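Visitor: This is what each chain is made of:
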Amino acid sequence: MKPEELLYAKTHEWVAIEETDGGKTATIGISAYAVESLTDLVFIELPKQGRTVAALESFCEVESVKAVSDIYSPVAGEVTEVNTPLADALEWLSDDPYGAGWIAKVKITDDAPLAGLLDYDAYQKMCAEEA
Amino acid sequence: MASTAQSVDLLRTPLADWHAAHGGRLVDFAGWAMPVQYGSIVEEHVATRTGVGLFDVSHMGRLAVRGSQAGPFLDHVLTRRVTALKPGQIRYSLVCNSAGGMLDDVLAGRVGVDSAEGPAFALVVNASNREKLNTWFAEEAQHFQVSLDDQTLATAMIAVQGPRAVAMVAQLADTDVAALRYYSGCEARVAGVPCAVSRTGYTGEDGFELTCPAQEATALWQALCAAGGVACGLAARDTLRLEAGMPLYGHELSEQLNPLDAGLRFAVDLCDSGGQPRSFVGGDALRSADSSGPQRLRVGLAIEGKRPPREQYRVLTAGRACGVVTSGTHSPTLGKPIAMAYVEPPYATEGTSLTVDIRGTETPATVVPLPFYRRS
Chain A
52 MKPEELLYAK
62 THEWVAIEET
72 DGGKTATIGI
82 SAYAVESLTD
92 LVFIELPKQG
102 RTVAALESFC
112 EVESVKAVSD
122 IYSPVAGEVT
132 EVNTPLADAL
142 EWLSDDPYGA
152 GWIAKVKITD
162 DAPLAGLLDY
172 DAYQKMCAEE
182 A
Chain B
159 MASTAQSVDL
169 LRTPLADWHA
179 AHGGRLVDFA
189 GWAMPVQYGS
199 IVEEHVATRT
209 GVGLFDVSHM
219 GRLAVRGSQA
229 GPFLDHVLTR
239 RVTALKPGQI
249 RYSLVCNSAG
259 GMLDDVLAGR
269 VGVDSAEGPA
279 FALVVNASNR
289 EKLNTWFAEE
299 AQHFQVSLDD
309 QTLATAMIAV
319 QGPRAVAMVA
329 QLADTDVAAL
339 RYYSGCEARV
349 AGVPCAVSRT
359 GYTGEDGFEL
369 TCPAQEATAL
379 WQALCAAGGV
389 ACGLAARDTL
399 RLEAGMPLYG
409 HELSEQLNPL
419 DAGLRFAVDL
429 CDSGGQPRSF
439 VGGDALRSAD
449 SSGPQRLRVG
459 LAIEGKRPPR
469 EQYRVLTAGR
479 ACGVVTSGTH
489 SPTLGKPIAM
499 AYVEPPYATE
509 GTSLTVDIRG
519 TETPATVVPL
529 PFYRRS
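First to last, the protein sequences are chains A and B.
Under this note's numbering, residue 182 is the last one in the first sequence; the count climbs by one each step, no gaps.
Under this note's numbering, residue 534 is the last one in the second sequence; the count climbs by one each step, no gaps.
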């Protein structure tokens with residue numbers, strides 16, 4: 052996926068929205084900026100398939116050498132698919148954060164939280180201000 | 159994510175500008191803007207285990223203790239006798255309060271050249287405890303002929319650590335620093351910069367800690383980089399010391415704990431050279447604690463799986479809390495999670511199977527001997 056075409060949460064997750072049989076499904080990952088900031092990732096606790104998540108709820112945890120960090124679902128819905136091989140291939144998060152490093156897919160049940168997401172340019176601007 | 163250090167109130171070491179210009183991520187550590195890492199913590203860790211790591215430890219407190227009663231004063235405030243030290247010798251010691259609680263852990267060294275009044279000593283204390291100790295020592299010093307001089311801001315301190323550190327510094331020095339024994343020091347010029355050189359460290363590797371005038375710190379640091387040293391941040395320093403089983407104040411050590419619980423009996427001289435009970439601050443409390451036995455013990459834990467435990471996570475036996483994790487990380491050398499914890503004495507025996515509550519998941523853990531890593 053091209054980072055320019057994705058949406059971003061202020062907490063550094065990316066979202067790709069697909070139209071699927073009458074609904075929307077979000078593919079979720081974490082941005083290259085987030086991976087670089089975290090550094091030295093050693094463990095990921097992936098979301099459970101089938102669970103429901105509220106927007107901005109923590110649904111995944113990553114451990115770096117230094118600390119544990121929450122990953123928040125940018126959308127509300129049901130986790131329909133999880134990238135389980137990622138647990139044993141954490142290097143995908145840094146090597147291919149917008150591709151092989153995807154974390155989970157969520158079938159969206161509420162469109163409202165999508166309005167709070169940033170486009171690529173706005174997200175880049177936010178990262179530049181944080182750095 | 160760690161907050162970046164932007165407050166104007168933070169103290170800056172003489173090397174802070176160098177760190178910022180070389181990708182150092184500066185964070186607030188004990189009131190100082192310190193580099194937590196430059197890039198990968200693991201790469202910095204491995205550089206120190208296999209080559210030479212450089213650490214700016216200028217935030218550590220450096221106190222000069224002089225005067226005709228400098229030795230007796232230190233014997234009074236330290237858990238260890240230092241009056242018998244020969245010039246250049248250094249000892250690890252605790253500073254305790256009268257209840258035996260640890261105010262700090264320090265290095266105390268007798269400097270090579272006596273002052274006009276007699277032997278002079280140098281203390282290196284934790285950054286987080288420097289002001290507390292300055293106040294404590296000033297109070298305790300009232301009945302001694304002693305002068306205390308906090309030289310922290312006028313000097314810088316650089317740790318040079320790793321299997322190639324001794325040869326590297328020796329090549330830059332005008333004195334045979336490679337001949338120094340572990341836990342001893344001397345004066346030397348390193349890369350032309352006048353330094354107090356001590357063969358000490360906090361990584362589990364051989365190496366030196368160099369103290370020099372603040373205004374010459376950058377020249378010294380650059381010479382060490384040019385000679386092959388890799389700049390390392392506080393995060394790597396933490397994983398290195400944890401693998402080496404070394405306690406860190408504020409984690410394994412606090413005023414609520416005594417040195418015997420912490421497994422630091424070797425740094426407590428309960429008796430004088432004649433075998434009689436020695437008088438020092440906290441001595442009576444520690445003798446009493448010694449005879450009643452420990453209430454908890456510091457242990458190493460090997461953790462099953464990949465997920466590192468962190469400070470404050472509970473240690474359990476049969477579902478009941480029997481201890482608490484004080485430090486935990488992923489060990490870059492061992493490639494698995496490790497931790498230090500305090501547990502009730504019955505569960506401190508090597509090989510004991512326990513669990514750690516890692517964010518709601520009871521994860522199997524085994525009590526293992528410290529250190530986790532010992533250099534070959």
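I should point out that these hints are in silico values taken from the structure, not numbers from a laboratory.
A portion of the hints provided could be inaccurate.
[Stated by the list, open to error] Taking beta-carbon pairs under 8 Å as the criterion, some of the chain B residues facing chain A (in silico):
#: 1; residue: ARG239
#: 2; residue: GLN470
#: 3; residue: ARG472
[Claimed, not checked] Facing chain B, a subset of chain A residues (Cβ under 7 Å, in silico):
#: 4; residue: TYR84
#: 5; residue: LEU92
#: 6; residue: GLU114
#: 7; residue: VAL116
Owing to the predicted nature of the structure, the values given are computational and were not obtained by experimental measurement.
Cβ coordinates follow ideal geometry from the N, Cα and C atoms, glycine included.
Visitor: Close enough to count: is the Cβ of ARG239 (chain B) nearer than 8 Å to one in chain A?
Guide: With a minimum Cβ separation of about 39 Å from chain A (threshold 8 Å), the hint on ARG239 (chain B) is violated.
Visitor: Does ARG472 (chain B) pass the interface check with chain A, least Cβ-Cβ distance below 8 Å?
Guide: violated, 15 Å
Visitor: Does TYR84 (chain A) hold up as a contact with chain B if the rule is Cβ-Cβ below 7 Å?
Guide: violated, 10 Å
Visitor: For the hint on LEU92 (chain A), just tell me whether its beta-carbon gets within less than 7 Å of chain B.
Guide: violated, 9 Å
Visitor: Can we keep the VAL116 (chain A) interface hint, with Cβ of chain B closer than 7 Å?
Guide: Result: holds, 5 Å to nearest chain B Cβ.
Visitor: Minimum Cβ distance from GLU114 (chain A) to chain B below 7 Å?
Guide: The hint holds - GLU114 (chain A) has a Cβ within 7 Å of chain B, the shortest such distance being about 6 Å.
Visitor: Per the CB criterion, is GLN470 (chain B) less than 8 Å away from chain A?
Guide: It is violated, given that the least Cβ distance between GLN470 (chain B) and chain A is near 12 Å, above 8 Å.
Of the numbered hints stated above, those contradicted by the structure are hints 1, 2, 3, 4 and 5, listed in ascending order.
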